[in-house]
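**Student:** Residue-level listing of the chains:
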Amino acid sequence: MVTNSTMDEKTAPSDNKPVSVSSGTLSPTGRPQRNLPGTKDESLYQWPQRPLESIESAFALREYLQSLIRQDPHNVDLIITLPTGQDEHAWLYEHLCQVCLELNYLIVHLEPECTPEVCPEMRAEEWMYYCATHPTPRECCAIDYLTHTLDGASALLNNVKFFPSRICVPEGSVKNFQSIARRLYRIFAHAYFHHRDIFDAFEAETSLYDRFLKLSRSRKLITDKLIIIPNLNNEDDSVAAGARQIMSRSRVD
Amino acid sequence: MHQFQSFTPQTPTVAEYAFPSVLQFLQSEWRRFERDRNEWDIEKAEMKARIAFLEGEKRGVDNTKLDLMKRVKMLEFALRQERSKYLEGNQGAAKSTAGSPASTPQVNNNSNGMSGDVMTNGINNNKALNRMSTYSAFGNNMSQVSPTSATSLDPAGRAKSREFLRICLQEISYLTSSVPQSVSMAMPPVHNRLSRHDSDKRAAGPNGMRGAGSSKNRHSDFFPANVHPVSVPPPLPRSNSVPIATLQTIARNKAAGTQQAQESNGNDTDVTAHPEDDDAEQRTLNQREITRQLSKEAKSIAIAATLDADSTQKNDIPKQETPEVAQRTIDEEEEGPTGLEAFQREEAITVVHSPVSAEQWRADLQKAGQQIGQKSKGKKVEGNPEEEAQLSKDVQDKFNISPERLNKMVKEWDRDKSKQDVGPVKTPVNKRKSKDGAVPDELASLSISETDVIENGGNVKEGESNADEPVRWRPKVTLRRHFDTVRSIAFHPTHKSLLSGSEDGTMKYWNLEASLKESKRTLNGDVEPIHTYRGHTKAITAVAISADQDKCFSASMDSTVRSWKLVPMNKEAFSRLDPEIPMSSFIGHTDTVWDIRLFPLSISSSQLLASISADGALKIWDTETKGSPLRSSWGYNGLEPSEWTEPTQAYTSGLAKLPVPTGLDFCPTDLKKMVVSYSNSVIKLFDIETGKEILAFKSNDTYDGTAKTQINKIVCHPTMPVVVSGHEDRFIRFFDINSGTCSFSMLAHLDSVSTLDIDPAGLVLCSGGHDASVRLWDIASSTRSCLQEFTAHRRKSDEGVTTVKYHPTLPGLMATGGADSIVKVYMRS
Chain A
1 MVTNSTMDEK TAPSDNKPVS VSSGTLSPTG RPQRNLPGTK DESLYQWPQR
51 PLESIESAFA LREYLQSLIR QDPHNVDLII TLPTGQDEHA WLYEHLCQVC
101 LELNYLIVHL EPECTPEVCP EMRAEEWMYY CATHPTPREC CAIDYLTHTL
151 DGASALLNNV KFFPSRICVP EGSVKNFQSI ARRLYRIFAH AYFHHRDIFD
201 AFEAETSLYD RFLKLSRSRK LITDKLIIIP NLNNEDDSVA AGARQIMSRS
251 RVD
Chain B
1 MHQFQSFTPQ TPTVAEYAFP SVLQFLQSEW RRFERDRNEW DIEKAEMKAR
51 IAFLEGEKRG VDNTKLDLMK RVKMLEFALR QERSKYLEGN QGAAKSTAGS
101 PASTPQVNNN SNGMSGDVMT NGINNNKALN RMSTYSAFGN NMSQVSPTSA
151 TSLDPAGRAK SREFLRICLQ EISYLTSSVP QSVSMAMPPV HNRLSRHDSD
201 KRAAGPNGMR GAGSSKNRHS DFFPANVHPV SVPPPLPRSN SVPIATLQTI
251 ARNKAAGTQQ AQESNGNDTD VTAHPEDDDA EQRTLNQREI TRQLSKEAKS
301 IAIAATLDAD STQKNDIPKQ ETPEVAQRTI DEEEEGPTGL EAFQREEAIT
351 VVHSPVSAEQ WRADLQKAGQ QIGQKSKGKK VEGNPEEEAQ LSKDVQDKFN
401 ISPERLNKMV KEWDRDKSKQ DVGPVKTPVN KRKSKDGAVP DELASLSISE
451 TDVIENGGNV KEGESNADEP VRWRPKVTLR RHFDTVRSIA FHPTHKSLLS
501 GSEDGTMKYW NLEASLKESK RTLNGDVEPI HTYRGHTKAI TAVAISADQD
551 KCFSASMDST VRSWKLVPMN KEAFSRLDPE IPMSSFIGHT DTVWDIRLFP
601 LSISSSQLLA SISADGALKI WDTETKGSPL RSSWGYNGLE PSEWTEPTQA
651 YTSGLAKLPV PTGLDFCPTD LKKMVVSYSN SVIKLFDIET GKEILAFKSN
701 DTYDGTAKTQ INKIVCHPTM PVVVSGHEDR FIRFFDINSG TCSFSMLAHL
751 DSVSTLDIDP AGLVLCSGGH DASVRLWDIA SSTRSCLQEF TAHRRKSDEG
801 VTTVKYHPTL PGLMATGGAD SIVKVYMRS
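As given, the protein sequences belong to chains A and B, one line each in that order.
Counted from 1, the first sequence has number 66 at position 66 by UniProt numbering; the numbering is strictly sequential.
Counted from 1, the second sequence has number 528 at position 528 by UniProt numbering; the numbering is strictly sequential.
Careful, some of the hints might be misleading.
Unchecked claim - No more than 20 Å apart at the CA atoms, straight line, and that leaves these computed lysine to aspartate or glutamate pairs for DMTMM-like:
#, chain 1, residue 1, chain 2, residue 2
1, B, Lys538, A, Asp41
2, A, Lys161, B, Glu689
3, B, Lys657, A, Glu42
4, B, Lys538, A, Glu42
Source of the hints: derived by calculation from the structure; they are not laboratory data.
Can you make the complete structure from the sequences, with help from the hints?
**Tutor:** Encoded structure:
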């Protein structure tokens, strides 16, 4: 794990011409934070964590969030804590984007197993859901529901009409967070109740559900009565992740 | 059968058409075609360079024209001063005022007042006046030019002087505007044809609109699409103007030869078109005769009046035959007179009132035209700066004309002229004049920066094709659906659709058909992808489309390359998932796959795909085979014959310690080869079949041992044996494939160069950098000037633009992807 204190002191790039100010934000270490072609797996994203204030790009919050997650995806409390001086809704927005991003990978894992034959309906325990991305809600099979929901969420989150800026979120758009969160929750729910092993393995790797749930609860995005996945474990620290994984596996077996 | 063949090897038998020999034949044929194509490209580049050269000259001539204009203005002013002085002295002698303008020459010549040939000039002038008086419309403009300084004059005298001034001005516009024309006359055919079309336009008479349109369009054919103010310093040295320094001179000569041949061909066709022209000329003959006489007289006045600089230039022109002129074919000579410049020349020289026969007439004109052409050429070459400067100074001193004032006068003149251009003027003189104005303006607008283009917009937009303008790419569609950096984009080879791969692990396929049609820019991101490909478990690094197979490919940080069915363009968003879409995975790399490239040619039974990975290997896959897709794999040192059969574990693990590939491309000019760049900045040329290293480029001179100088991207030129590399140290470098030497190097961006693409025609290089800018480079010119630069994307974690792509077949379509998760599609305007 890289911490702020371990920034290596590399010399600035040997420019024969001074890089103009507009050329942007070289990190204090002088090493550009980018994955050059040819970078090996172990070196990907291996740059020091920058304090949020020093990130000058328009994507400062996203960069900060992603670097937190890369550092330790299981340190949920740190990840969902609003950085000081930041806009609550903008932070929420970035989080939801990140959840959508990572849910892609959950779907990738679900796809081989969650076929229209296996899951002809979008169910989570005793609930059944209709796909709301169509003009009239439709009974899509589970995998379609999942992809449609995710595509719909990404369409909404990327809509400049609702979210014109990454720095602040218009008041009118805040209500969208709830509907997005509610639908994304169902993806987790379906995975949990019907593809438990995949859900658990994924959760062990990313703690995505944990992050999402804590975020939604703390920001009142989802009412408690809609939460149908039983508490995985009461621990929220990363230490429990491994144990949780073992436990959940044994439970499935 | 075999026995029999072996005994009679000489006789051609059916067996000679065996598959290998056919294949060989086809290959040799194909190679021949490729060679020819290369030659054509070289030739094309030659022509381009020539055009640039000619334009440089043109600009010089324009400057001369401006200079002359200034002088004319000064003379006019001087004339007015003298005249008012004269009138003050001779109140009531209004009838002789017409003579007074003739005093100007004395001002110029010996600067001691008027005397002498006032009378003769006066007579000439009166003659001219008679002719001129019919063209009153023209006079109106003149009156605007003349300041009302001579208010005390009686009206008749004023009118007469005005007439005289008008003639002067007319003459001046002849002299000045005929300069570029005549110069162009001395050049090979491009300008000739241009002006031929102008003459068509003129001949078309009142309904000259058709001609106007066509001439503009033709015209656009002869000028490079991309002209940048700084791109062409006036006369380019010929040798440098060849785009790629390594072009063999042999090829150049050959190209020149072909060019010559084409010239005469083109002219032949022109000759066949002559009857029409002749008719038209006959029809307009009356008009022209008047004009001719007029101008002749005006000319004589002008000469008598000795507009100093001009006449000295005229007089001391040696009758030197430049080789270029001497070389010109008879065809050209025949064609020449139909051109506008010939028309002008004819006026400028002698009376050819009634041509005996069209041929005779034309020949005479041609001869005369050539002389003038030489004269102006000589004039241009010699110049006489000191004398001119002295003259200007003298006049300025004498009349206390400040430079500002002079400029103002010139401006006024320009304004009036442009007014004339626009105005619906009907008389022949004005028509011709407006043409004189329009042509140089049109030419000038080609070489002037975009602000000027905007100013000239009305003039330009109506008829001229956009390709003629400095090309401007404008964002048309913005695609926002990705959640993270867009790493790679690929256009469908024929459709208006696009594939984008992102670090969010998804690949999206976009149908741009509808959104490109919309007139307004659809920037608010309402375009929905027709499909989102999910399957990779980590970020996607590269995508590719193979239309023949109806497949697309993606490479990812999860070490795999995957192939997918290309969804149909009309697929609805949010439709049922097609389980057929994921097709296969190419598993074999053990580290991030950084780039993939499809072999440029696909044969029905096989489509090769090359991938490079951080594990150090380059792998070639056969994407169509039923069996094991891996065709070959090699590392930094290429493939040794022993490894060919069985890559050992030690070998693959050893690879990782060697430099890893960072970029790859197939060579369109030699399909057996491909280039790969490595993390130590070495570019290597490999034989695709054998995996043998053919050549290591001397590209690592700039490598300092760290990733800060590595190569991020390489692309092969589509038609020339050139590799272009984009470096982390912000440079773009050009390498010759045959020798491996760097032929050109330029500091291209403010931050590292992340991506490159060359337009399908091979004329423009597009580069994207982590400074968030996209730049277009004119690689057909020797200077590689930047044609356009724009900020395309916002930066995220020190990344800016990550990918740029031209549409492979549809011109005027380009897309960029950036760290801001956005894909932008641009159209050329």
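**Student:** What's the verdict on Lys538 (chain B) and Asp41 (chain A), does the C-alpha distance respect the 20 Å limit or exceed it?
**Tutor:** holds (11 Å)
**Student:** Assess, step by step, whether the Cα of Lys161 (chain A) is no farther than 20 Å from the Cα of Glu689 (chain B), and give holds or violated.
**Tutor:** violated (53 Å)
**Student:** For a C-alpha distance cap of 20 Å, please report whether Lys657 (chain B) and Glu42 (chain A) respect it.
**Tutor:** holds (14 Å)
**Student:** Given the hint that Lys538 (chain B) pairs with Glu42 (chain A), does the C-alpha gap stay at or below 20 Å?
**Tutor:** Distance of about 14 Å is within 20 Å: holds.
In summary, the structure is inconsistent with hint 2 from the numbered list given earlier, while agreeing with all the others.
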